[in-house]
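Undergrad: As a plain string of letters, each chain reads:
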Amino acid sequence: METFPDFCTEWFVSYMNRRKGQAVTVDRFERFTRGTSRQTWFVHYRGEDGAPQSVTIRTDHPAGAGDPTSLDQEFAIYDRLGRMGLPTARALYWEEDPASCPRPFFARELIDGSWQIGGYALAGEDGARIRFAAAQEHMRALAAVHDADWRAVGFAAILGAPEDEADAARFYVRRQRALLAEFGAEPQPLLAEVARVLLEGAPSAGRVSLCKGTNGLGEEVFRDGRIVALSDWEEAWIGDPASDLAMVQGFTEVIVIDGETVWDLDRAVAYYNQVAAVPVTMENVRYYQLARMFGRLVMFAYTTTVVQRSANATVRQSWTATEVQHAVKRVLAHALGLGEGPDPALFEELNQSVEMQAQEAAS
Amino acid sequence: MIHPTCREVLATVAASFSREIVPELSSIEARSSAATIEHLLRHVMLRIEEEGEVLMRDIARLRTLLAHIADWMEQTGAVSPESLSTALANEPADLWTLQRQGDEALRLRASLVAVQAQLDGLAGDWAGNEGYQALRREIGGYIGAQLMDEARLIAPAFSGRGPRR
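In order, the protein sequences belong to chains A and B.
Under numbering that gives the first Met the number 0, the first residue of the first sequence carries the number 0, and numbering increases by one thereafter.
Under numbering that gives the first Met the number 0, the first residue of the second sequence carries the number 0, and numbering increases by one thereafter.
The following block holds chain B by itself, in its conformation from the complex (with noise of 0.2 angstroms):
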């Protein structure tokens, strides 16, 4: 089966949602959690729409940030390598869902973390370095491009759509 698609079916119940259910509501409680409902129903949609997308670009510019850390500790001998090249070694077989996507996101944003604890560990002797500092400035455009993947997200879902509580 391919249509109707979740996306479609889920439009379906946020638009009957909106038209039958809202309407007969009185308590300020019950209308506050349907206006908090009507927000994420078009938040999921969007999510189904665009986040496999949004992961699979966020796996491929981790794995690029890690492989320069790697290196670049290889080349220093700052400090040793090992476990960050396990952790790019260990690639899933497939990602082809959004569960799996997710997963590899979190395992490499783990390794990611690990090794900013390590960077910090290291600043006393190497805060000069300009290679250091190079990957320092990397480690931030990775977070500042992964937070506006997250921004397509959630804006065109919430902004100027009305109270959300």
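Bound-form chain A, shown alone (with noise of 0.2 angstroms):
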């Protein structure tokens, strides 16, 4: 099979041949560029019979994704969730034979929709009206994600599991340390600080499920105003679900409509609680708002020792290794109590883009 250096329409072309024993003929090959942990391309092809079909290709950046988590575990994961009754995409295949592509990847069902919401960024009640029912909408879906058997499908061997609910905090201290230590981080006083405060602090779990991690606006696909698919699982873990109500992008800012504020993170955690089968505590969603932010330094760790080892490490991970990674250790420094955290305007600042930018100027 001819070599190809990264993946490429032609690559594909020639995969489907070879490896599926399929003639296509690809559409569209384009690379989705919101992501910055992994490389993720959507595929539209036609088979032989003319019929128009599409896939998600996942891989590794050149010289490694930006957490350290590994790509099989995400496949992994995103083969068990199949089997879990959650809208998730559908793994397809695994392939990491150097002969038939640039590297490792795997493959999974393009679903039809969008990170994007339409009518979302509008200003006014329509606009306030649509992010209400879209952030409703997201804490349904995670308390699904949280009432699932995660049990029953074999997620501990991937993930690990805490011994019980008391130890679940602790658990998730546990594991971030473990990967700090296994890929050999450069020693950060303030890591080390953070984690103290949080093992003497830990609490309890109202249960122990599964926990989608990164999660919110941009995360998850939306199609007429409803999840199709709940996407980008790399900090998921068996642990607290109060962990995902801490970190939600996007869905637990203020909502005003009519004058009243019907939504925010209180109110979020109060819906949450209503519909999920175990409720959270606003006290534990508190303490994951630093675990989680620890959890985020540590990934940062990794993306700079991934820089550090290969000129192919991309500008975005240098970039996360700089000032986002600097950002994260301000906001964890002012939470103890060590310095000034970040002008808050700043993380407004980190999520435009190139993109954004050209769309509002567009519209």
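The set of hints was computed from the structure by calculation and includes no laboratory data.
All values reported here derive from a predicted model rather than from experimental measurement.
Glycine is no exception: its CB is placed at the ideal position from the N, C-alpha and C atoms.
Worth double-checking, as some hints may not be accurate.
Unchecked claim - Quick partial rundown of chain A residues pointing at chain B, CB under 10 angstroms, derived from the structure: (1) Ile129; (2) Leu189; (3) Val314; (4) Ser352; (5) Val353.
Both chains come to you apart, so use the hints to assemble them.
TA: Below, the structure written as structure tokens:
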């Protein structure tokens, strides 16, 4: 089989022909630009019968993923999710033969939908109602994840699990520390200090569940206002569901309708508690706001090692290892009373992208 | 050769990149990478100017902090200060390059992280000790001061200068 330095249309045609025995024509081979931890391509193609088909290709960056968990673990997560009845893209196949691909990858279903929600950014009450509905939909989806039976599909075999509810928070910290030791991060006194505080204040969980990790706006696939696929599971773990409520992108911000605040973090947690089988406490949510930031710093410490060991690391990984990592350190230090936090406006800046700027200019 | 300095050369690279290359880019992916490169070039220029001073100050702070901890260990007998004293005695012959300054700061930070673990282990018996509490506060003070120095290498290069990606 002809070798290719990177994933591209020609590689896909060759791969499908040689490995899958299918002659295909590619209509579009698109790189998803939002993701930073790994690379994602959306492939739209036709088989010999001319029927349109599509697939998502997921792989590490050439120098390695931005987070310390492995690609095959992510494949195993999707494989198990597919057996749980949750809205996720089904894992299709794993490939690591160096003669067949530039680097290991897995394929999963491409779900029709978008991380963008129509009308979400509209000013006024119309936009507020759309944001409110999307935020509630997201809370229902998180509750479904937490209510699902992770034991039945063997999640503990790939993610480990705490001994019981009382061990959940300590398990989270132990897991992060084990990752640090495994990839050999540079010594950071701040990480040691945060770990100590987290272990001293570790709360018991209401229950032990599959937790999604990264979640919220930009991480899930919506269609017609409903979540049709929950994506980005690289921070998934088995533990306290409060950890998912602690770091929700976008969907816990204040929403005002008819002059009344209808949504914020407190109301989101209250709504979640109505729809989930077991409630979470705000106390635990607050604890995991710190713990998840600690997890992010561990992730960025790993990204630093990727940049350190290879010039093929992406410039975005260099940025993550510098400005983003520094911002997270400042948040953690501030939470411990060790220094000034970053300017709150910084996080809005960090979320801006050239693509968003282009879309705003076009609208 | 003194001039053009690294910073001066990089400034021309950054300006030419923004003026001649970026406007020619059409795909979102390329423009996104270009935006990141522009930010990182400013960051590197800043580090060329400031990082030596920041690292030397970090090394001095760490040596002072570790010496205080070693003294407390010696005075109280809570734990042997031997490994810490050895780390402090192993001072490099020179710190002329950024690489050596970085290596020395990392070596001393590794000693501090090891000491933090030792102090954690002593908390059961010593948490009420005034000297122990003072050391904990001093460690916190070091972390805060080091981060504010790090901010000098970050904020001016990125903040308020447009999308990063």
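Undergrad: Give a verdict on every hint.
TA: Going through the hints against the structure:
{"no.": "1", "hint": "Ile129", "result": "violated, 24 angstroms"}
{"no.": "2", "hint": "Leu189", "result": "holds, 5 angstroms"}
{"no.": "3", "hint": "Val314", "result": "holds, 4 angstroms"}
{"no.": "4", "hint": "Ser352", "result": "holds, 5 angstroms"}
{"no.": "5", "hint": "Val353", "result": "holds, 5 angstroms"}
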